[in-house]
Every structure is written in C-alpha cells, then in structure tokens.
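Novice: We have chain A; now place chain B onto it with these hints.
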Amino acid sequence: KQEVTQIPAALSVPEGENLVLNCSFTDSAIYNLQWFRQDPGKGLTSLLLIQSSQREQTSGRLNASLDKSSGRSTLYIAASQPGDSATYLCAVPYGNKLVFGAGTILRVKS
Amino acid sequence: GAGVSQSPRYKVAKRGQDVALRCDPISGHVSLFWYQQALGQGPEFLTYFQNEAQLDKSGLPSDRFFAERPEGSVSTLKIQRTQQEDSAVYLCASSRTGLAGGRFNEQFFGPGTRLTVL
Numbered sequence: 001k002q003e004v005t006q007i008p009a010a011l012s013v014p015e016g017e018n019l020v021l022n023c024s025f026t027d028s029a030i031y032n033l034q035w036f037r038q039d040p041g042k043g044l045t046s047l048l049l050i051q052s053s054q055r056e057q058t059s060g061r062l063n064a065s066l067d068k069s070s071g072r073s074t075l076y077i078a079a080s081q082p083g084d085s086a087t088y089l090c091a092v093p094y095g096n097k098l099v100f101g102a103g104t105i106l107r108v109k110s
Numbered sequence: 001g002a003g004v005s006q007s008p009r010y011k012v013a014k015r016g017q018d019v020a021l022r023c024d025p026i027s028g029h030v031s032l033f034w035y036q037q038a039l040g041q042g043p044e045f046l047t048y049f050q051n052e053a054q055l056d057k058s059g060l061p062s063d064r065f066f067a068e069r070p071e072g073s074v075s076t077l078k079i080q081r082t083q084q085e086d087s088a089v090y091l092c093a094s095s096r097t098g099l100a101g102g103r104f105n106e107q108f109f110g111p112g113t114r115l116t117v118l
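Sequence order for the protein chains is A and B. So in our numbering, spot 57 of the first sequence is number 57, and the numbers just go up one at a time. So in our numbering, spot 90 of the second sequence is number 90, and the numbers just go up one at a time.
In isolation and in its complexed conformation, chain A is listed as follows (with noise of 0.2 Å):
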C-alpha cells in the first residue's frame, strides 16, 4: 500500500524567506510526483509534474526535486510572498488514481 506523508503540517515563514516543503513515500516504484497548491475553499492547481527518470523540475520561483530510491520529494520556494500562502500536496500516482499527502499549510507574512 501507497502512503504519502508531508512535513512539515505548517509553516510560518516571513516574506522573502527561501523554504522547502518535503514529502516521502512508502512504495518507490512510482511513475512520477504531483505537486499542487489550494488556496481556501479552491480546487487543487498543480505546481509541477516530475517524472520518474527526472531529478528536478522548476517553475520560476518554485523547483521540485525527486529521489525515488529513498521515496523523497522536496519542493523548494524561493524568495516567498504572501501570495504563497496556500496549502501544498504532493501525490503520486498508484493504481488508478493519486495517493495524496495530508499537506503542508504555508503562510508567508508580510
């Protein structure tokens, strides 16, 4: 069975700070890696699709590294914004669907 688990749960960062987000799964044998964001009461918009013969993805200020030997992900933010305050899930995918994390809730102050 696919776990999926992120840490931290939160975080309070203030603006400008550089921070990384980590996630870790059980079954390594997996396709790619998920990262997404949800704002309040919002859907889930992906941030980065990493596949599995990636080492690293970047999106401006966002970069998701995978290690699927030891079933860890980590997504780095740099130079945050309040506009960053969000919660993040990374999921990856096992059978017929996504196996998320619990997520990690960032605020970034100004």
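Do not rely on the hints blindly, as some may be mistaken.
In the DMTMM-like style, the derived pairs of lysine to aspartate or glutamate whose C-alpha atoms are separated by at most 20 Å in a straight line are [stated by the list, open to error]: (1) A:Lys42 to B:Asp24; (2) A:Lys68 to B:Glu106; (3) B:Lys57 to B:Glu68; (4) B:Lys57 to B:Asp24; (5) B:Lys78 to B:Asp18; (6) A:Lys1 to B:Asp56; (7) A:Lys42 to B:Glu44; (8) B:Lys57 to B:Asp86; (9) A:Lys1 to B:Glu44; (10) B:Lys11 to B:Asp86; (11) A:Lys42 to B:Glu106; (12) B:Lys78 to B:Glu68; (13) B:Lys78 to B:Asp56; (14) A:Lys68 to A:Glu3; (15) A:Lys42 to B:Asp86; (16) B:Lys14 to B:Glu71; (17) B:Lys78 to B:Asp63; (18) A:Lys109 to A:Glu17; (19) A:Lys42 to A:Asp84; (20) B:Lys57 to B:Glu71; (21) A:Lys68 to A:Asp84.
Source of the hints: derived by calculation from the structure; they are not laboratory data.
Specialist: Positioned in the frame of chain A, the structure of chain B alone reads:
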C-alpha cells in the same frame, strides 16, 4: 481553454436526502476521477472512469455512493440517504489519456463541491 468545472459549488443537505454532484471535465479528456477531501486532509480516491467505463470504484465508501459517466464526458456523483460523515469537499479531476503502459498523465482538478450534511 476551459478547465474542469463542477456544480454546485456548495450544497447543504438534510440527513437522509439524496444529492447529485456534477463534473464537466476538460473537453476530450479520456479519464475522469472523483476524490473526497475531508477537512484538513488530502483528497482520497473514490472512483475512476475511462470514457464511459467505470474501471475502478474501490474507493466508494458505501453502496449509498454511485457515479456514472454515460456518454464519456460529463459525470455525476450521487449520494443517497446522506449522513453527516459524508460532509466533505468532492473533487473531480480529468486527464488527457487513460493508463498507457502504466504511466499516468497529469490530472487537472475542478474547484470542488463542498457538501454539508446537517
């Protein structure tokens, strides 16, 4: 182009009522998924369609939950005799293709329907 849309966005039901939640996937997307998200948790898989075929319903919590996608586009999730534990956000997602060699394409999510059962 248009993303995944869901309606209604909010639904309040009295315990015992039946509800129907609608999902319009991205046009031409083969795969459609339903997830249930409880407060403070990540989404949990409910069911998966490839075109009109429901290939996996292993996540449906009880026989009160029923989903259909009769023409391979719009999907409806129906919950009969709602209970308080059904209160959650119901998310729909679609992806461009079905499973191909085990690789999953990116899933695109709708805004969700927040169901509150009183």
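Novice: Hint numbers the structure violates, sorted upward?
Specialist: Those not satisfied are hints 16, 21.
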